[in-house]
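Since each chain comes alone in its own frame, lean on the hints to assemble the complex.
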Amino acid sequence: MSNLIAWIIRAIPFGTIIMYGAMGEILTEKSGNLNLGVPGIMYLGGFAGFASAFYYENNASAPNGAVCVLLSLVCCVAASMLGGLIYSFLTITLRANQNVTGLALTTFGMGIANFFGVFILNGKSYTAAPLANSAYAHKLPFLSGLGAVGQTVFGYGFLVYAAIVLAVALHLFLNRTRVGLNLRAVGENPATADAAGISVTRYKYLATCVGAGISGIGGMYYVLDYNSGIWATTGQIEALGWLAVALVIFTTWRPLNAVWGAYLFGVLYWLYQFLPSLLGFTVASYVTDLVQMVPYVVTIVVLIVGSLHRKKENQPPAHLGLAYFREER
Amino acid sequence: MSDIQIKEPLIRVVKRDQASMRQKIAARGAAILLALVLDALFIFFVTGLNPFSVYGVMFQGTFGTKVRFSWAVRDLVSLLCVGIALAPAFKMKFWNVGAEGQVLMGGLMTALIMVYWGDRLPAPALFAVMLLTSVAAGAVWGLVPAFFKARWKTNETLFTLMMNYVATSFVACAVNIMRGQASSLGKLNMGSHAGWFPTVFGQRYNINIIVVLILTFAMYFYLKYTKHGYEISVVGESENTARYAGINVAKVIMRTMAISGAVSGLCGFLIVCGRDQTISTTTAGGNGFTAIIVAWLAKFNTFYMALISFLLVFLQKGAAEIASAYSLNDYAASIITGIILFCILGSEFFINYRVIFRRERRAK
Numbered sequence: 001m002s003n004l005i006a007w008i009i010r011a012i013p014f015g016t017i018i019m020y021g022a023m024g025e026i027l028t029e030k031s032g033n034l035n036l037g038v039p040g041i042m043y044l045g046g047f048a049g050f051a052s053a054f055y056y057e058n059n060a061s062a063p064n065g066a067v068c069v070l071l072s073l074v075c076c077v078a079a080s081m082l083g084g085l086i087y088s089f090l091t092i093t094l095r096a097n098q099n100v101t102g103l104a105l106t107t108f109g110m111g112i113a114n115f116f117g118v119f120i121l122n123g124k125s126y127t128a129a130p131l132a133n134s135a136y137a138h139k140l141p142f143l144s145g146l147g148a149v150g151q152t153v154f155g156y157g158f159l160v161y162a163a164i165v166l167a168v169a170l171h172l173f174l175n176r177t178r179v180g181l182n183l184r185a186v187g188e189n190p191a192t193a194d195a196a197g198i199s200v201t202r203y204k205y206l207a208t209c210v211g212a213g214i215s216g217i218g219g220m221y222y223v224l225d226y227n228s229g230i231w232a233t234t235g236q237i238e239a240l241g242w243l244a245v246a247l248v249i250f251t252t253w254r255p256l257n258a259v260w261g262a263y264l265f266g267v268l269y270w271l272y273q274f275l276p277s278l279l280g281f282t283v284a285s286y287v288t289d290l291v292q293m294v295p296y297v298v299t300i301v302v303l304i305v306g307s308l309h310r311k312k313e314n315q316p317p318a319h320l321g322l323a324y325f326r327e328e329r
Numbered sequence: 001m002s003d004i005q006i007k008e009p010l011i012r013v014v015k016r017d018q019a020s021m022r023q024k025i026a027a028r029g030a031a032i033l034l035a036l037v038l039d040a041l042f043i044f045f046v047t048g049l050n051p052f053s054v055y056g057v058m059f060q061g062t063f064g065t066k067v068r069f070s071w072a073v074r075d076l077v078s079l080l081c082v083g084i085a086l087a088p089a090f091k092m093k094f095w096n097v098g099a100e101g102q103v104l105m106g107g108l109m110t111a112l113i114m115v116y117w118g119d120r121l122p123a124p125a126l127f128a129v130m131l132l133t134s135v136a137a138g139a140v141w142g143l144v145p146a147f148f149k150a151r152w153k154t155n156e157t158l159f160t161l162m163m164n165y166v167a168t169s170f171v172a173c174a175v176n177i178m179r180g181q182a183s184s185l186g187k188l189n190m191g192s193h194a195g196w197f198p199t200v201f202g203q204r205y206n207i208n209i210i211v212v213l214i215l216t217f218a219m220y221f222y223l224k225y226t227k228h229g230y231e232i233s234v235v236g237e238s239e240n241t242a243r244y245a246g247i248n249v250a251k252v253i254m255r256t257m258a259i260s261g262a263v264s265g266l267c268g269f270l271i272v273c274g275r276d277q278t279i280s281t282t283t284a285g286g287n288g289f290t291a292i293i294v295a296w297l298a299k300f301n302t303f304y305m306a307l308i309s310f311l312l313v314f315l316q317k318g319a320a321e322i323a324s325a326y327s328l329n330d331y332a333a334s335i336i337t338g339i340i341l342f343c344i345l346g347s348e349f350f351i352n353y354r355v356i357f358r359r360e361r362r363a364k
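In the order they appear, the protein sequences are chains A and H.
Under this note's numbering, the letters of the first sequence match residues 1 to 329, in that order.
Under this note's numbering, the letters of the second sequence match residues 1 to 364, in that order.
Extracted from the complex, chain H is given alone in its bound form (with noise of 0.2 Å):
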């Protein structure tokens, strides 16, 4: 009598056909609690403070006063305006890394109508001049890639990562021309105003928010509910299973990029007219590659989206307000935010496969 020796593995890993939304909720909650838990360790190892105390501060960072507030949400809309953008294309699987340098292409194409055409063009013109160029220009750095791999498959990762030294190049030249014998560029039309967005609601940075409002609902139904975004989702998941339904692949692609590529310039629009007044090669801030996370981890669901930026936002503000409270520096930001990111992003396997260990098996 002898068993056929089977080597069982202490634990395997299956994968789910679709996890509930309670097991999607209790991997997430516990990655953030998790992720909670190491920074705490983080600041009390480092600092000697009492992590509840510091946790305490952080929430100042965001509601403390009202200007705070104001701060977190005006940074809240240029990171979601960005993660918005993104949506689609990752939606279609196209890694647009590109973003950082679409906003700067939109940001520039703003500041350059501001600066020239400023005293010559009345209000509402001018306006939708910029708005204009600025969304052609985003798109424009969106297309290039695009073609390149709707056409010859060309890395789209690599060339959009590439695309963005291109635009800080394009955006040094501009402000070193623009700011002439001076040694910083400073607002722009700081005496006219002109180009300026006005306060609208007693709150100066209202029609950014507004409009990114609006993009939230109008993305969401356009990949949603639309032909369009039937069409990315199909190509996202098999481009030969697109191509059989006749789906013209490629004009799908460069199409979704021209969008995706239109909304990232808009976003440069918003932050040069409606928060900076001004143009450098930080304008984008590295929101565009704080929004790649954004867009992966919701999952291309726009309000998923606007609940992370918000989650990023006070975490960034909050280490801000440690660091002036506790004499730190501003860095502590950047760990605290990599931290929780690389809780999440594990929590995403808990999320798709599922681990059976060995004596679980055993009992049935």
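Chain A with its partners taken away, still in its complex shape (with noise of 0.2 Å):
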């Protein structure tokens, strides 16, 4: 039982740092763009909202948590979706290939995150940010305490809980306003929704940007909750971008259903150290070695099943990847 209540708490917040990663995607892909510059965005924004709190607490006179995260949050999300305007200005003004640019993107957020990381590491292998950690893993004083359903349920910092939030707001947005019908159009036909008088170029950027500001949030939740506010310099970031962008598949671009994804992602990533002890034997640790790629197998069947059925509603938007250019049609 207590393996059990253990293993959760590792796979929750585990699964909001993907969510996080795949509700940006999830926006930015409806728009038709497919950046796989997740990876990198998470590392800008793991790495600004990092900074921003490291400098604030080592130089406030007084520092306050709720002024840190707000900073850091802010921060977070800027630099975030300064990389999202790069990746759309490339794709979406000069029309440059999707696929190629996000690649870039990936490559050149882990280099600025990982280039001044060093330097604010300054020597050493590894660097706290203590304030801005408990202010986000700041638990809810009451609920948490009570048993095992407090501890699973209630005992995480409030992004765990905003990114639930953050989920069904993007599924009424995407499903029950006009804005929301809009975008869809634009990823499903720009031409036709140009021809409606949507400005494509407006909504695949705006998309584009706020969900590259959503993903970011995910590396940021990585670095000060899930890492406990250390800094270190290590390609993890990079595998949890491309567990995000899995985990956009494995939702079939719904908002809704990336909660229970990631928490189920979470529990198969965590599945190799667990599930032994759990059920009462060890195994060798090459084993595990294989288990982890089980959420990778996972999204691969996804993909399949989704392809042979090619029910409608499981599609990825129709003109993905491509970019629009209005005397081409």
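In short, the hints are calculated from the structure, not lab data.
Everything hinted at is true.
Straight line, CA to CA, 27 Å or less: simulated DSSO-like cross-link-like pairs of lysine-lysine:
1) H/299 <-> H/227
2) A/311 <-> H/93
3) H/15 <-> H/299
4) H/93 <-> H/251
5) H/299 <-> H/93
6) H/153 <-> A/311
7) H/251 <-> H/299
8) H/224 <-> H/15
9) A/311 <-> H/251
10) A/312 <-> H/153
11) H/93 <-> H/224
12) H/15 <-> H/93
13) H/153 <-> H/93
14) A/312 <-> H/93
15) H/251 <-> H/153
In structure tokens, the structure reads:
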């Protein structure tokens, strides 16, 4: 039982990281932009959030948790949106290839984050922002104490719940508002949307930049909450970013599916550590290496099943990955 | 007398039919120049160093000593080999983002055979088996997404991307088994050197260089002058046209991806036997992703690929050199590469499209 609780407590924060990444990417892909720069954007967001919190904590005379949260959030979203803006300018205005631009953005974002990260590290192998971490990881005061349920449901920082709220909001926005309908039209068939008087360029820019902002929060959540406010120069965020891209497929482009999908991915990711002890047997460490492929295999299966059934509502946006040029229809 | 008011946009964009060679070179040159200026600004504002002397140091990264040059060429051929592997797939508009995994699978088979059969087989047989299995493993890794793409139109970008991580997992598992209790794997067959490429013409990496050189010519010829190559470009332009012309699209897709995967697998073989003599999850080292950019920018021409690979490796080596000379860190390379790629990608626009300003048109 305690193992199961420990497993869930690991899985939900992990899922939250990729849920942010995936929700941003869903919004982006709904406009027809396949942004493979998600890992880079998560690096940018994570680094900007961390760096701003770190400088604030070390330079303010009386650092305040709320200010720290606000500042790091603003910096994180701004930096991620800048990344999205680079991608948007190249793919929408200059009509560069989306896959290649996204991969270049991943290289670039990772470079920026780790290069300046090393400046901050200043010789140490890692460094911490304890105040930001405690502010982000602050649990609900009463509810989190209530036994197993309290621990597994209420025992997380506020960004975990914000992610769920955001998923619902995104769902309502895409399916219940006119702007959301227009956005989907742009992703499905930009020429028709254009003829209906929708500004394709504006929708694509906004969806991609806002989407990047959301994805970036995932990176920041990883650094300031999941990783206890420690910046370490590792490739971990990149792997998380690709997992977020996988999650988008898994959800069949629906934000509500991202909630349980992300938690499922979290459970699958930690499968290697908790399943053996839960079932009461030990496995060799090389087996755990194999178990780590499970989330990816599941995604592949979803991808295949989706293409076998060809149900209309489970397909990617029809114009995903293609640039729109009005004179070429 | 009233003119009809037509709202004329300030800037219009018109598609070009065919850019001349001069326009192409001008756009590319301008892009690289812009990137160098941006990089110089970056270097100056971050480090306060004189960008020109930094660029001078950068030059040393590749051309400083004989050893460095040979390392640069070694990395160049690894990158180029993956680029060559991707060329046929991309020409077919099949987004093979899975070269990383295909290289890993090839390298994994090579390493396994090197370890377990290294002392049982005579050298020529050992190399033959390693070559065949690595090529087969890469081909299978490419064929699986291609099969689903050809049969059910499963999205290949996402499929191949996921296959990378499945391959990583297999390699992590195998490395774990092979190293046993040791903390890391180290070089394979350290004592016997079985399965290591010998030194030819006085250079450790010459076999890799020669093989990739042959591949460069072979793939250029394959894509440009063979029936297969023609079929690939027709399928890439329009599947419907291909079908109408009697081309078996599914067969072409699967065959091409098998070739693409096979060359990637071969690259894994070259890396393990000729460069690293070991295997790890980072054996492909991101080349699978960088090569996508190389193949795309070169527009599937293997000789341009060599040029672009050289540019990228030069930058990476240069940035590493800057890093050690000015006690910065290696990630400067990623930033500089990223800026250059953004600029080159942006310059494609001026090759494919013409920008017309309002005033220019009135003058006519």
